[in-house]
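> Make the full structure from the sequences, and use the hints.
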Amino acid sequence: MKKGDHLFLIDGSGYIFRAYHALPPLTRKSDSLPVGAVSGFCNMLWKLMQDARNTDVGIVPTHFAVIFDYSSKTFRNDLYPEYKANRSAPPEDLVPQFGLIRQATRAFNLPCVEMEGFEADDLIATYCRLACEAGGDTTIISSDKDLMQLVGDTVGMYDPMKDRQIGIPEVVEKWGVPPEKMIDLQALTGDSVDNVPGVPGIGPKTAAQLLEQFGDLEGLLARAGEIKQEKRRESIIANADKARISRQLVTLKNDVPVAEGLDDFLLHAPDGPKLIGFLKTMEFTSLTRRVAEATGTEAGDVQAVAVTVERADNAHGPDIGAGTSPVARTGVGSEPGQAAEAETTERPKQGDTPSLLAALRLEGAATRKIDTSAYQCIRDIATLKAWVAEAREAGIAAFDVRATSTDPMQAELIGMAMATAPGRAGYIPFAHKSGNGDLLGGGALENQIPLREALAVLKPLLEDRSVLKIAQNLKYDLVIMSRYGIDVAPFDDTMLISYVLDAGTPHGHGMDALADKWLGHRPLQLKDVTGSGKSSVGFDQVDIDRATAHAAEDADVTLRLWLVLKPRLAAKGLVSVYERLERPLVPVLARMEQRGISVDRQILSRLSGELAQGAAQLEEEIYLLIGERINIGSPKQLGDILFGRMGLPGGSKTKTGQWSTSAQLLEDLAAEGHELPRKIVDWRQLTKLKSTYTDALPGFVNPETKRVHTSYALAATTTGRLSSSDPNLQNIPVRTAEGRKIRTAFITDKSHRLVSADYSQIELRVLAHVAEIPQLRQAFADGADIHAITASEMFNVPVEGMPSEVRRRAKAINFGIIYGISAFGLANQLSIPREEASAYIKKYFERFPGIRDYIEETKAYAREHGFVETIFGRRIHYPDIRSSNPSLRAFNERASINARLQGTAADIIRRAMIRMEEALDKAKLSARMLLQVHDELIFETVEAEVEETIPVVRHVMENAAMPAVSMSVPLHVDARAANNWDEAH
DNA sequence: ACAGAAGCTTA
DNA sequence: GTAAGCTTCTGTT
1 MKKGDHLFLI DGSGYIFRAY HALPPLTRKS DSLPVGAVSG FCNMLWKLMQ DARNTDVGIV
61 PTHFAVIFDY SSKTFRNDLY PEYKANRSAP PEDLVPQFGL IRQATRAFNL PCVEMEGFEA
121 DDLIATYCRL ACEAGGDTTI ISSDKDLMQL VGDTVGMYDP MKDRQIGIPE VVEKWGVPPE
181 KMIDLQALTG DSVDNVPGVP GIGPKTAAQL LEQFGDLEGL LARAGEIKQE KRRESIIANA
241 DKARISRQLV TLKNDVPVAE GLDDFLLHAP DGPKLIGFLK TMEFTSLTRR VAEATGTEAG
301 DVQAVAVTVE RADNAHGPDI GAGTSPVART GVGSEPGQAA EAETTERPKQ GDTPSLLAAL
361 RLEGAATRKI DTSAYQCIRD IATLKAWVAE AREAGIAAFD VRATSTDPMQ AELIGMAMAT
421 APGRAGYIPF AHKSGNGDLL GGGALENQIP LREALAVLKP LLEDRSVLKI AQNLKYDLVI
481 MSRYGIDVAP FDDTMLISYV LDAGTPHGHG MDALADKWLG HRPLQLKDVT GSGKSSVGFD
541 QVDIDRATAH AAEDADVTLR LWLVLKPRLA AKGLVSVYER LERPLVPVLA RMEQRGISVD
601 RQILSRLSGE LAQGAAQLEE EIYLLIGERI NIGSPKQLGD ILFGRMGLPG GSKTKTGQWS
661 TSAQLLEDLA AEGHELPRKI VDWRQLTKLK STYTDALPGF VNPETKRVHT SYALAATTTG
721 RLSSSDPNLQ NIPVRTAEGR KIRTAFITDK SHRLVSADYS QIELRVLAHV AEIPQLRQAF
781 ADGADIHAIT ASEMFNVPVE GMPSEVRRRA KAINFGIIYG ISAFGLANQL SIPREEASAY
841 IKKYFERFPG IRDYIEETKA YAREHGFVET IFGRRIHYPD IRSSNPSLRA FNERASINAR
901 LQGTAADIIR RAMIRMEEAL DKAKLSARML LQVHDELIFE TVEAEVEETI PVVRHVMENA
961 AMPAVSMSVP LHVDARAANN WDEAH
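Heads up, the first sequence is in the numbering used here, so the first residue is 1 and it goes up one at a time.
These are computed hints drawn from the structure, not numbers from a lab. Mixed in with the good hints, there may be bad ones.
What the hints assert, rightly or not - Label-pair restraints from in silico Cβ distances: (1) Thr705 x Phe795: 51 to 59 Å; (2) Asn195 x Gly650: 49 to 57 Å; (3) Gly647 x Arg954: 56 to 64 Å; (4) Glu857 x Glu283: 39 to 47 Å.
Quantities reported herein were computed from a predicted structural model and do not represent experimental measurements. Virtual Cβ for every residue (Gly too), placed ideally from N, Cα, C.
What follows is the structure, encoded as structure tokens:
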């Protein structure tokens, strides 16, 4: 081995256990031999060897070996007999795989190394030293913390299951100490799995802090008396011996008298026939195929390295954003006019400039590496002003706010990152504190720009109409900045651009998913800098350098994403969807969230008491009936009692083999005269209302505003609907009288009113419009009862005096159409035989052939394009619509049918919301939008303006599709006002 | 501490 | 039969 060579050492034993637990169990088809870990091992080895040839990855091994433990007895047992003594025997379906994995290693033409009396880790340590002395580098394929002590300038680790490199910074990040102190850290913390004692009460965080303070273990033990915390001091003094023996146990032996030298590990090309022979024996069909292909077409692989075109640096030319220069594009808050709407039909063809630009940007992004160490920490006003000037010059700046909370209504600003070009990013710390403060918190750190001074410099930039501000999930930043008196505009949001481009595709629209997809990069995670769980700290406690790396990287990534994604909008003809349905809604929702709604805690607390009483009463009755006190909330226990011990009829199993105890099933049993199921259903209702609503809602009342501020997600659904969370105010009960009481807690004060305005049958109206169904259009035009008309058409009965059961069935069919009807579903819904449901559907299609055509057209379109569109051009992707799996394909067909209708309705209410504020302003009305529940808007207004407000609201909502689309069916809005949501609805 | 299943709430 | 979010229980990390 010589300088420049690179040794790969696989921790084979570690891998076996990890693969066994992490991967799904797998057995050989022909004889059920368990081979899950072997399969994982082979796939990992193959992938490593493939990656090894790809010079792009940067590391090309010249030497390769797989290291195993020999037996469980090692020299450590002589030091400390209890070492690894509490290890239980490996699972029985893992045992036969140990030998197989050694065979697999040989089949890959790789050396298999093990030695009696030593652990694999000792051999790895020894070979690391030998490689280093020979001038070579080493990569250890493992994620075991016991090996991290070996990491250094020439030794790195790689976790193949998480595709993660572990170098010195990652060790420091994870454990708080550099690799050379890992031994001391482990000596203090011990290891319960390996039975290394350590010092009781000392975990990794404390250990790292102590080592920071005292340098090393011996220093700490010598000066332990200086430790302030009494318990900690006593424990360390009392357990000094344990710490020392632990240190010996965890120290890897790097001078094992190894039998094989590094030269024996020289990497050879895989022997195709030998390897394929083994894989065939294991019946790993897909890997066999891949290996066969790869060993046959090696020359082709080498040529497939991507060409590079560097363009991203020219980002701040006049053509940024594909024709949407910040000054010209003032669509935010501008009047939606007739002329502008013409854009809806714009569809540039492939090969146009936008497509070219999009392609160039993508190539540029993929080839430009992200370097987190290159970011600047902006610590003084002069530097900040220089950055602001740079952003003005560029005309764009990506921003990312760092604050104390994920709730923007409670978050306090800690810092802000900005990026002006790829790789050019900085972080401005405002309010970081020293991390080692006690309960009172540490003091503010030096060399930060005080919040007020920083914001005074930033505000003009953030509000500058000629500078486009870019963020990922901008609404969060907008709410926070608004609370600090800054009105950010104009802006772009990379999350929303991605949503417009790719709703329905398997990747999400979060920063991590986008960075991975478009930049092939995994940004530093918030968790990595703050820690997670109970050991996590607020962002204000994060070290400023770490915060800089993290926040500035996010701003950098956001800017790069924008460069890649923005031109794609134009290339795909989706500019107007983004500019008319997505972006303008952001500030509207930000204001709604910021307003919040008033909730009466007394009403909730009274209800909670009533519910608790009712539930307790039912519990006693239930215990009496079943004869023991089980946990009624456990479907498992409940099912076992009901259908096992008590032998109730009609039980069915869920997909995990448990007895089903669904409400539907219990209702059926109750209808047959059983007493118990009814009580269980009632108990569930009461406990549900209590836990989800009356008990949870008060916790969401903001201490400052005394109101509840939900959070709306713009990019969470596939269809274009919003979603609401923390708390979800889109599923407040309404169907039952008990549940509706919850709504009485949503209130206004005496001088105000809540106005609720909801679209009547909006999805059916959209159906009547897009499917062009004459009878339905007529019925809606006449303001008739749509379900009754449907029933009348289908069953030839007059609307007058129609039995309610007939109308109910027609209603179920109408809803079924919206959901992408199936005989199975309709039969379920109506509790009728599948054949009968089929007959209904057939009849329905005979009477409304346009609907069958609509359904068939939608399916064909989705199959051809992979997506469907709403009447406003929103695209929803269904990549599985061409699946060969019939049930998956059918599901995608139903979803695509529904998406056109649900998505169009969602677009309509979005348009109404975007126009609402201006319409109310113009009419000099003070009403404010508070909530959206898919087809309903809730406003708060002064009592005296109620009568004037309702017509304005109704007008905006009923005409929301205009002028982009003139619907052939009128939209109808019902509205009323009251002092609480129950009565207003 | 987290993830998935089951169950229940809404449009 | 569509689209969501939250709570509890249960088992794993």
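> Given a hint of 39 to 47 Å, does the C-beta separation of Glu857 and Glu283 actually sit inside it?
Given range 39 to 47 Å: holds, Cβ gap about 45 Å.
> For Asn195 and Gly650, compare the CB-CB distance with the range 49 to 57 Å and indicate the outcome.
holds, 52 Å
> Quick check on a hinted range of 51 to 59 Å for Thr705 and Phe795, using CB atoms only.
Cβ of Thr705 to Cβ of Phe795: about 54 Å, so the range 51 to 59 Å holds.
> Holds or violated: the 56 to 64 Å window for the beta-carbon distance between Gly647 and Arg954?
holds, 57 Å
Hint compliance for this structure: no hint is broken.
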